[in-house]
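Colleague: Residues per chain, in single letters:
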Amino acid sequence: MKKYCVILIFLLLPSLVLAQNKKTKHRVIPIREVTVYGVRPMKEIGAQITKFDSLALKENIALSMADVLSFNSAIFVKNYGRATLSTVAFRGTSPSHTQVSWNGMKINNPMLGMTDFSTIPSYFIDDASLLHGTSSVNETGGGLGGSVKLSTTPAEAEGFGLQYVQGIGSFKTFDEFLRLTYGNDNWQTSTRVVYSSSPNDYKYRNHDKKENIYDEDMNIIDQYYPIERNRSGSFKDFHFLQEVYYNTNKGDRFGFNAWYINSNRELAMLTVDHGEDTDFDNRQREETFRSVISWNHLRSNWKLGAKAGYIHTWLAYDYKRDLGNGIMAEMTRSRSRVNTFYGQAESEYYIGNKWLFTASLTAHQHFVESRDKNIIKQDGGNAIVGYRKARTELTGAMSAKWRPTDRLGLSVVLREEMFGDKWTPLIPAFFIDGVISKKANLVAKASISRNYRFPTLNDLYFLPGGNPDLRKESGWSYDAGLSFAVGKAGVYSLSGSATWFESFIKDWIIWLPTTKGFFSPDNIKDVHAYGVELKTDLDLALTQELTLGLNGTFSWTPSINKGEPRTPADQSVGKQLPYVPKYSSTVTGRLSWRKWSFLYKWCYYSERFTMSSNDISLTGKLPPYFMSNISIEKGLSFKWADISLKGAINNLFNEEYLSVLSRPMPGINFEFFIGITPKWGKK
Amino acid sequence: MTSTFFRLILTSLILLFTSCMEWEYGLEEVFDTSASGEGLFICNEGNFQYGNATLSYYDPTTKSVQNEVFYRANGMKLGDVAQSMIIRNGIGWVVVNNSHVVFAIDINTFKEVGRITNLTSPRYIHFLSDEKAYITQIWDNRIFIVNPKRYEITGYIEVPNMTMESGSTEQMVQYGKYVYVNCWSYQNRIIKIDTETDKVVDELTVGIQPTSLVMDCNNKLWTVTDGGYEGSPYGHEAPSLYRIDAETFTIEKQFKFDFGDWPSEVQLNGTKDKIYWLNDDVWEMDVTADRVPVRPFLPYNGTLYYGLTVCPRTGDVYIADAIDYVQQGMIYRYSKERKLIDSFYVGIIPGAFCWK
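Residue numbers (the numbering used here), protein chains in the order written: chain A, 96 to 778; chain B, 287 to 642.
Any given hint could turn out to be false.
[What the hints assert, rightly or not] When the alpha-carbon atoms are kept at most 27 Å apart in a straight line, the in silico DSSO-like pairs for lysine-lysine are as follows:
hint: 1; chain 1: A; residue 1: K472; chain 2: B; residue 2: K622
hint: 2; chain 1: A; residue 1: K611; chain 2: B; residue 2: K435
hint: 3; chain 1: A; residue 1: K611; chain 2: B; residue 2: K418
hint: 4; chain 1: B; residue 1: K478; chain 2: A; residue 2: K305
hint: 5; chain 1: A; residue 1: K305; chain 2: B; residue 2: K397
hint: 6; chain 1: A; residue 1: K484; chain 2: A; residue 2: K345
hint: 7; chain 1: A; residue 1: K567; chain 2: A; residue 2: K415
hint: 8; chain 1: A; residue 1: K153; chain 2: A; residue 2: K345
hint: 9; chain 1: A; residue 1: K517; chain 2: A; residue 2: K567
hint: 10; chain 1: A; residue 1: K415; chain 2: A; residue 2: K472
hint: 11; chain 1: B; residue 1: K642; chain 2: B; residue 2: K622
hint: 12; chain 1: A; residue 1: K611; chain 2: B; residue 2: K397
hint: 13; chain 1: B; residue 1: K539; chain 2: A; residue 2: K472
hint: 14; chain 1: A; residue 1: K774; chain 2: A; residue 2: K138
hint: 15; chain 1: B; residue 1: K463; chain 2: A; residue 2: K305
hint: 16; chain 1: A; residue 1: K146; chain 2: A; residue 2: K533
hint: 17; chain 1: A; residue 1: K472; chain 2: B; residue 2: K435
hint: 18; chain 1: B; residue 1: K539; chain 2: A; residue 2: K611
hint: 19; chain 1: A; residue 1: K305; chain 2: B; residue 2: K542
hint: 20; chain 1: B; residue 1: K558; chain 2: B; residue 2: K539
hint: 21; chain 1: A; residue 1: K153; chain 2: A; residue 2: K305
hint: 22; chain 1: B; residue 1: K397; chain 2: A; residue 2: K716
hint: 23; chain 1: A; residue 1: K415; chain 2: B; residue 2: K542
hint: 24; chain 1: A; residue 1: K472; chain 2: B; residue 2: K558
Please keep in mind that the hints were generated in silico from the structure rather than gathered at the bench.
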């Protein structure tokens, strides 16, 4: 602990020294104004939406969206390790039940259905929001848990701008971020680059295995839990994002976004792996290119929009073994390619200020190729185990939103989806909200919808195991809640919400092993997920220069298997789904004084069961954990540039914790960031 | 003001100073099962990549089961995918596939006595002597030769016409100086190894993907194929049960199943004059029979059979039900008169058995 205190002081030291700089200008974070009930957006009638502000998204360049969701929302992030696969459980559902879009284009992998949030740097996202459960039907189908909407926005630059941030962290972690912007009345351009790399070889005490000490006759004379490093966990991630926006200032806006990812990540060895890391190379490489062009035509009471996009993803998985002579031989060589074309048209039409009609039609055309294994056929020739498929996905929606009085809003959405040659029945969603008290901005909201999710391409066609006879999952859900907002401009603002939700999902698809040694999916579960989501936000000006921001979330999400017993011995019926915590909570506190800022982030996950029967066995349980991160930041303003210095401590209390069995997480670790924003002749 | 700012930070740190993840480490239980003559070890595979394989121990006399005995005796996990186990001279050898290890344990105390590491992806171990054993692998075209006394790898047997990626060697039986091995994943053959030269000297083509291998009282080898799967570039055919003469290394008899059947787990009784296998139902057949019986030994009753063994002493039949593969599986024990004697929960995906 003493060592950590010393490091803490070291991190604070530059900030303390710089505090003596009297020339710096004060920066006061403004207290947000309380939303006035009368200007609640028509589009959001009855919807349960969580929006992430730029303070959360741009906290530091080393963060991924997985980190942002962990510490700022009630979503459970299932984290396989640092800079490793991170998937989400939204309202107690599985990762593929969360639909994710980037600038309107769906980015869930069409083969796997899920999104790896560890590959989305939060510095590349300007606008992020969660649409809980039913509310996702406003944007897309298939979000049985909800949807995550990510987008970029024009930088609002005037002239040239540059921002460079360098991060240095524990385990030889380096993060570089560069942003170049240019803007005038019509044009806005932005180029962002992120490069993160680390051997990621953090130390941890491995309680899952022991090392033996033998005597000369090979009798064990002692054993101990080794202090190991995270083995084979290195990563190198490169991201490039180019944006160009053109605004005619006469109601037409054009946008172009292109995002390139080059990722090279080792897959870390399990805690129970007794192999040598130098004998194996277990690696995943990814190259992804996503681009969207958009046009919006805005008039006083109507809007037309069109988007087109393209995604190319190349994924390589290699598992190699040293033959003892330095030659690494391929044990598994898997390749997959996805090409997706995307198009969308949408329109909005207002009649007075009481009616809003919207319509949208979205198409995704996927072409996928999976080459999973090279084999020698019976006749001696070579063959590849894999599949090639194409699928068209269409989703169309129409909505009518009506606000007959200031106090009441009603909305109806009708959606229809087609995947391949299969259609969903009509997906209806109904939303209502009403102001109970104008003084407290107390608003009641409720919504109900049906929803469907089609099997992924791997579910249907993967070799071996794909099951073309799978049915689509279906569900219906509703939620109801209250929200309030009070405050005094410049003094304080306090808002909060409480929501009850309930959903029933039938024909839940799960992959299970077979007696032939491979996995195969089937529609085997019916799930009843329900619970409560609480949110609160407080901004408080303690003095003119000292402000406090607090926000917290809490979720209670029982997610219960309601299916029939698979066999007479089945103990899973009526039990919580594995890896879905019943309780989760987050708290973020931000204290700002002049150009200083102190941030405390905390999250909590209750015990997760690793068995469907909820047995708490010695080898199977994942205890609850708290996680605490802190950072302190100091801004400096010079004539030629703004400089920011930031020190961060992650896992402050050096918790030994796991998010997934046998995947160690790092203990206390440190990061330091320096950011420079030249003023380019500005004052 | 600076001091107020830092005082607030300090207060918030103290208020939130909580550290709570609770782990139970290092607890080691003392077992001694030497008093009971008979015992059954059950290897529970656990879920691939989750490291939750376990070892269970069942006493058929007292009908009592102890789960997670490796963890409880050693204070550490067994590993990822417990594939198989054999016993030799009071030492149990547990092959843990994706942990790249074979543990040696005392079969009465379950305490580890040593381990063989640096294996590629071990499946089964077969002893030739106290100082020489073979370990088969998947995703490797080599069978590892080890010295179990020194826990060392001493050499390799290269299997011809097999690459690392399509490598698959499985169960081993010995006839004289020859060891026979079934090659399973994307393979269709039984290979014959000369244990004096450690070379593959012959091979016999059977159907697609032979899954198991045993040798009966008449020195006949039995294997069953799974026939591959729909869409496989290697082929998909009706599976078969084969009787192979070990001496001449030729197929004596092929018993064909229906297309789409998934037979597996060929096992012998104690006198090695009956074979058993799974194919939805549990089947039993005399080793001299010319045709598969019309009726199963135990009909399918909604239970998903995954593992099978027969008590060498009593002839009781034990069947493993993996249920949904993410909960504790169930073992059903039937007498040879087909009466249910006992049932008990073990670990996740009980797949392999080993008699003490």
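Colleague: For every hint, state whether the structure bears it out.
Modeller: Right, here's what the structure says about each hint:
1. A:K472 - B:K622: This hinted pair is violated, its Cα atoms lying about 42 Å apart.
2. A:K611 - B:K435: violated (34 Å)
3. A:K611 - B:K418: violated (31 Å)
4. B:K478 - A:K305: violated (37 Å)
5. A:K305 - B:K397: holds (12 Å)
6. A:K484 - A:K345: It is violated: about 44 Å lies between the C-alpha atoms, which goes past 27 Å.
7. A:K567 - A:K415: violated (37 Å)
8. A:K153 - A:K345: The hint is violated at about 32 Å.
9. A:K517 - A:K567: Roughly 9 Å between the alpha carbons, so the hint for K517 of chain A and K567 of chain A holds.
10. A:K415 - A:K472: With a Cα-Cα distance of about 22 Å, the restraint between K415 of chain A and K472 of chain A holds, given a limit of 27 Å.
11. B:K642 - B:K622: holds (20 Å)
12. A:K611 - B:K397: Violated - the C-alpha atoms of K397 of chain B and K611 of chain A are around 32 Å apart, more than 27 Å.
13. B:K539 - A:K472: holds (25 Å)
14. A:K774 - A:K138: Measuring from Cα to Cα gives roughly 39 Å; hence the hint is violated.
15. B:K463 - A:K305: violated (37 Å)
16. A:K146 - A:K533: holds (23 Å)
17. A:K472 - B:K435: violated (39 Å)
18. B:K539 - A:K611: The hint holds at about 23 Å.
19. A:K305 - B:K542: violated (48 Å)
20. B:K558 - B:K539: holds (18 Å)
21. A:K153 - A:K305: violated (42 Å)
22. B:K397 - A:K716: Given pair K397 of chain B, K716 of chain A holds - Cα atoms ~23 Å apart, limit 27 Å.
23. A:K415 - B:K542: Violated. K415 of chain A to K542 of chain B sits at ~38 Å, over the 27 Å cutoff.
24. A:K472 - B:K558: violated (35 Å)
In this structure, the earlier hints numbered 1, 2, 3, 4, 6, 7, 8, 12, 14, 15, 17, 19, 21, 23, 24 are contradicted, and the remaining ones agree with it.
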